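Working from the sequences, and respecting the hints, build out all of it.
If you want the building blocks of each chain, they are given just below.
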Amino acid sequence: MSGIDRLTERFARRLARGTSRRSVLAVLGAAITGAGGFPLLPVARAASSAPGAPGSRPPMLSGNPQDPGDQASCDYWRYCAIDGFLCTCCGGTVNSCPPGTEMSPITWIGTCINAADGRAYVISYNDCCGVSSCGQCFCNRNEGDRPQARPQSNNDYNWCLGTQSSIYNCSVAAIVGVADKAK
Amino acid sequence: MRITALVLSLLLGASAVSAQSPPPPLPEEALPSVGRLPADYPASWVLVHDFRFLSILDGRVAVVDTADGVRPLKGLVRAAQFASMQYSRGRREIFTAETFYSRLTRGERTDAITIWDTATLEPKGEIVLPGGKRQQTVSYVGQFQLINGDRWALVTNFTPAQSVTVVDLDARRVLGEVDLPGCAHVFATGPRGFSSFCADGSMISVQLDDKGAVVSSATLARVQDLDNQPLFGNPAMVGRTAWFVSYKGQLKGFDLSGPVARPLTPASVGTAPGGAPEWRPGGWQVMASDAAGLLYVLMSPAGREGSHKDGGTEVWVVDPVRNQQLRRIDLKGVAGSITVTREATPHLVVARADGQIDLFDAASGQLVRQLGATAAMSPLIMVPAQ
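Going down the list, the protein sequences come from chains A and B. Start counting the first sequence at 1; every next residue gets the next number (our numbering). Start counting the second sequence at 1; every next residue gets the next number (our numbering).
Simulated from the structure, these hints should not be mistaken for laboratory data. Be a bit skeptical, because a hint or two may be false.
Unchecked claim - Among the chain A residues that face chain B by a calculated CB cut under 7 Å, a handful are:
1) Val131
2) Ser133
3) Asn158
Treat the numbers as computed from the prediction; the structure is a model and nothing was measured. Note that beta-carbon positions come from the ideal geometry of N, C-alpha and C, so glycine has one too.
This is the structure:
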């Protein structure tokens with residue numbers, strides 16, 4: 001990969017962070033932008049009704065009342081803009097990749113409202129790469145998803161970029177900050 | 001007791017057989033034996049790109065006879081790791097643009113176009129793509145296009161820097177690379193060029209010389225409103241006119257026969273009661289065309305912000321030139337992708353979430369055949385063979 005590519009990547013990453021945060025704050029509460037990996041459609045629904053998908057496993061709770069919800073469920077508050085297999089179901093956690101994978105340095109950012117404290121948090125949806133599709137807990141939301149001409153708002157791209165391998169495994173949803181002045 | 005009964009029945013059976021003259025034995029069968037397809041696929045055949053979500057690195061293209069309810073799957077071509085696919089009837093070839101690692105998931109990366117023979121489904125050639133930067137995404141037809149009379153191919157790159165690699169398929173070599181900052185997808189345009197959608201809502205048209213270098217470019221401003229009327233990525237082609245539909249049902253056509261895309265008068269899929277909150281296009285390959293130039297659009301009754309990949313339950317048939325909704329086809333369930341064959345009696349091919357493929361009479365809207373989930377796990381893009 002050329003130096004120019006690396007520079008472009010860093011630029012795009014900053015762009016994604018800024019744009020995503022602004023656009024999401026503009027719609028507050030609606031969540032949005034995509035994450036790493038892919039969508040998609042009824043495929044997501046079919047997967048979610050399969051054994052091992054959310055609903056057929058015991059809830060995965062943080063134990064912290066300020067971080068409520070089932071981290072293996074697509075409804076968990078941090079997943080408001082995620083797209084892919086949930087790493088919590090793949091050997092990782094909500095903020096760490098499964099062993100044997102590599103976390104993508106280029107991330108997708110969403111802003112999600114935590115109902116427990118009413119704050120808007122900036123969530124980083126890093127992809128975990130280098131191991132084949134996890135296949136568990138597929139989760140996809142497309143509010144705010146836009147065509148690929150606007151990459152920072154499209155969740156169909158494979159965001160395993162800048163990693164040794166572009167093979168996609170799963171996505172995490174880590175808190176990287178509180179959105180500035182949520183309203 | 002049971003064993004005694006079994007022995008008895010076997011003895012009786014044996015004596016019954018011996019009472020008649022035995023039939024000749026089944027003939028020996030020649031081995032090895034490998035199937036072969038007609039090089040020119042019939043009009044009922046469709047190429048189905050199976051993205052294979054649960055093992056993306058093992059995607060494939062299924063060659064499917066939609067008229068064969070017994071053995072619809074005729075063969076498979078590899079389409080690995082967020083691959084894209086093209087088909088040239090004239091060349092009798094299928095093309096896949098793929099990415100590989102030397103140790104399956106790790107090791108040295110190779111991006112390449114593989115050329116497959118339509119009759120044998122064996123690889124005829126390969127062109128390695130430089131830079132390890134082929135765009136990896138859920139499949140769009142605009143990632144990979146054939147131009148220049150199917151002699152050249154264009155492959156989009158994304159690192160996330162955007163560019164297009166120009167490939168000479170006949171000479172089996174890469175001609176060059178065109179930078180395309182801020183623009184995504186390419187659609188064959190004019191004698192030897194492409195058009196692409198850009199982040200500011202414009203469309204750029206580029207023509208290449210016989211060495212693959214840019215000789216001209218022109219930009220059409222404001223062809224789409226990415227915030228309020230974004231266009232689905234996969235168009236329906238009517239000749240060399242590409243029709244796109246917006247998330248809210250607006251139809252935009254571009255005549256791509258000349259060196260610069262020419263926008264046509266916009267149309268609409270129309271409206272219908274019963275939506276909650278409203279009908280909108282939904283799915284992956286949401287559009288198809290028939291030989292008469294009518295458009296088929298997959299529609300969801302639960303249209304809202306974010307529903308555009310949820311699939312649809314009806315197909316609306318629209319005349320885009322007269323801007324008229326002609327009929328609605330009830331799909332009896334949710335579907336993700338559609339296409340229409342060029343048979344004498346055209347069929348609407350409908351791919352569902354679980355891989356099931358159903359055939360409807362495109363004119364009457366009647367369900368005529370169900371192939372079951374017999375061809376692909378994640379059917380995303382379907383290309384009629386004729």
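Comparing the hints with the structure gives:
Annotation: interface hint on Val131(A) holds; nearest CB of chain B at approximately 6 Å, less than 7 Å. The interface hint given for Ser133(A) holds, since its Cβ lies 5 Å from the closest Cβ of chain B, which is under the 7 Å cut-off. Checking Asn158(A) against chain B: minimum C-beta separation of about 4 Å stays under 7 Å; hint holds.
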